Amino acid sequence: MAEPLLAAGSALVVFFILHFAVWRLEWARDRSVVLIAVLSVLSYLLVVAVMDADISSHIWVSCPLFSLSMMLYLQFYMGIDRSVSIRMMGEVLRAPGGELSLSELEALYSQEYMVKSRLDLLVDRNYLVEDNGVYSCMPKGRYLAGAAVLTRRIYGLRIAE
Amino acid sequence: MADGEIGAVLTAVYLCPVLPLGHIVLVRLTRRETIVVPSLAASCIYVALWAATVFHSVDSGSLSAVATMRMLAAGLCTIGFLAFGYMEAVSHVFRGFTMGILLRVYLNQRLSFQEAMGAHSEGVRADELLEDRIRITMRLNLVQFDGESLTLTPGGRAAGKMGLIVKRMLNMRTGG
Numbered sequence: 083m084a085e086p087l088l089a090a091g092s093a094l095v096v097f098f099i100l101h102f103a104v105w106r107l108e109w110a111r112d113r114s115v116v117l118i119a120v121l122s123v124l125s126y127l128l129v130v131a132v133m134d135a136d137i138s139s140h141i142w143v144s145c146p147l148f149s150l151s152m153m154l155y156l157q158f159y160m161g162i163d164r165s166v167s168i169r170m171m172g173e174v175l176r177a178p179g180g181e182l183s184l185s186e187l188e189a190l191y192s193q194e195y196m197v198k199s200r201l202d203l204l205v206d207r208n209y210l211v212e213d214n215g216v217y218s219c220m221p222k223g224r225y226l227a228g229a230a231v232l233t234r235r236i237y238g239l240r241i242a243e
Numbered sequence: 670m671a672d673g674e675i676g677a678v679l680t681a682v683y684l685c686p687v688l689p690l691g692h693i694v695l696v697r698l699t700r701r702e703t704i705v706v707p708s709l710a711a712s713c714i715y716v717a718l719w720a721a722t723v724f725h726s727v728d729s730g731s732l733s734a735v736a737t738m739r740m741l742a743a744g745l746c747t748i749g750f751l752a753f754g755y756m757e758a759v760s761h762v763f764r765g766f767t768m769g770i771l772l773r774v775y776l777n778q779r780l781s782f783q784e785a786m787g788a789h790s791e792g793v794r795a796d797e798l799l800e801d802r803i804r805i806t807m808r809l810n811l812v813q814f815d816g817e818s819l820t821l822t823p824g825g826r827a828a829g830k831m832g833l834i835v836k837r838m839l840n841m842r843t844g845g
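Residue numbers (the working numbering), protein chains in the order written: chain A, 83 to 243; chain B, 670 to 845.
Treat the hints as calculated values from the structure; they're not laboratory data.
Bear in mind the structure is a predicted one, so any value in this text is a computation, not a measurement.
All C-beta atoms, glycine included, are put in the ideal place defined by N, C-alpha and C.
Mixed in with the good hints there might be a few duds.
Said to hold, decoys possible - The calculated lysine-lysine pairs, modelled on DSBU-like cross-linking and capped at a C-alpha distance of 30 angstroms, are:
#1 A:222 to A:198
#2 B:830 to A:222
#3 B:836 to A:198
As the list claims (entries may be wrong) - Which residues of chain B face chain A? A few of them, derived with a C-beta cut under 8 angstroms, are:
#4 678
#5 682
#6 724
#7 771
#8 826
#9 832
Claimed, not checked - In silico negatives: residues of chain A with every beta carbon more than 10 angstroms from chain B:
#10 91
#11 120
#12 231
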């Protein structure tokens, strides 16, 4: 059981070193999920290549173990990055005296910002196009939204316009 | 030894449709747009089926304790990976705020910024999102709100600090 634990543990250490180094670069900030997946695969392959052990002796345990660890880390990372609650608590923590009124919080973290930052992201990733302040779907956006509508129908969820 | 591990991983992979199917049935039966509880319930069925299939196909009496542990680790980690991956993917469709905005644009063909402000996430409009999060964090005893100002409980301070430290360490944007 030592080899799979060593392989998965070493791959995690290598991943965090790469993660920390690559995230210093400005371009890496907006490619988080894909880049985390790429770095995970690279880290694991690097460790397997360097390890002085027959890959078949541990891969069927170390690979699922490392994959699960990375999936849990991804959930944590996405939570920190996207969570409105975490952002809100950070703003209160940074406020003088650790206290913030609702209007001060709304000024720091406005509803407009929440929507605008997401619209900008969708435009940046070619899901939407903006024309004179009006947004419409690009083919990529139509495909994804169509898939989401189909999924919601399968689950029997409400589809509100 | 590896044969049992390969079987454990492959069985977990080919039984994985049990998870979305179980989730669909439970969501339709309960008519509640939730992810965690029905997914975990479906995961229990998934794990039970996996264990029954794997341990039925091997002579468990001939397996050493280490071999059994390796088989369990291989199979359960694969199931965990697929289950968390599924929950992450489906959460965007169920309650993703960005997906909500995209859907609103798609269903209305064209949408202005002000109309996009009406996009829903978990049944909550953008202009109600902050109040909704205050209610949730108060329920979790992370935040105190006296009707005028917000303060943090020790748990809230720890969560807020963790968020700020991780964001600073990884050079992340303010997020949220």
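Q: Quickly compare the C-alpha distance for residue 222 of chain A and residue 198 of chain A to 30 angstroms and report which way the hint goes.
A: 20 angstroms, holds
Q. Given the hint that residue 836 of chain B pairs with residue 198 of chain A, does the C-alpha gap stay at or below 30 angstroms?
A. Holds: residue 836 of chain B and residue 198 of chain A sit about 21 angstroms apart, inside 30 angstroms.
Q: Please confirm whether residue 231 of chain A is truly not at the interface, meaning its C-beta sits more than 10 angstroms away from all C-beta atoms of chain B.
A: Check fails; 7 angstroms does not lie beyond 10 angstroms.
Q.
Hint validation: residue 724 of chain B versus chain A, beta carbon distance must be below 8 angstroms. Holds or violated?
A. 17 angstroms, violated
**Q.** Interface hint compliance - residue 678 of chain B to chain A, C-beta minimum distance less than 8 angstroms
**A.** 6 angstroms, holds
Q: Would you mind confirming whether the straight-line C-alpha gap from residue 830 of chain B to residue 222 of chain A stays at or under 30 angstroms?
A: 38 angstroms, violated
Q. With a cut-off of 8 angstroms, does the beta carbon of residue 682 of chain B approach a beta carbon of chain A closely enough for the hint to hold?
A. 10 angstroms, violated
Q | Per-residue hint verdict: residue 832 of chain B, partner chain A, C-beta under 8 angstroms | A | 4 angstroms, holds
Q.
A closest beta-carbon separation below 8 angstroms is what the hint needs, so does residue 826 of chain B meet it against chain A?
A. 6 angstroms, holds
Q. For residue 91 of chain A, which was marked as not at the interface, is the minimum beta-carbon distance to chain B over 10 angstroms?
A. Residue 91 of chain A is indeed farther than 10 angstroms from all Cβ atoms of chain B, at 13 angstroms.
Q. With d taken as the least Cβ-Cβ distance between residue 120 of chain A and chain B, does d exceed 10 angstroms?
A. Residue 120 of chain A clear of chain B: closest Cβ-Cβ about 16 angstroms, beyond 10 angstroms.
Q: For the hint on residue 771 of chain B, just tell me whether its beta-carbon gets within less than 8 angstroms of chain A.
A: 5 angstroms, holds
Hints 2, 5, 6 and 12, counting from the list given before, are not met by this structure.
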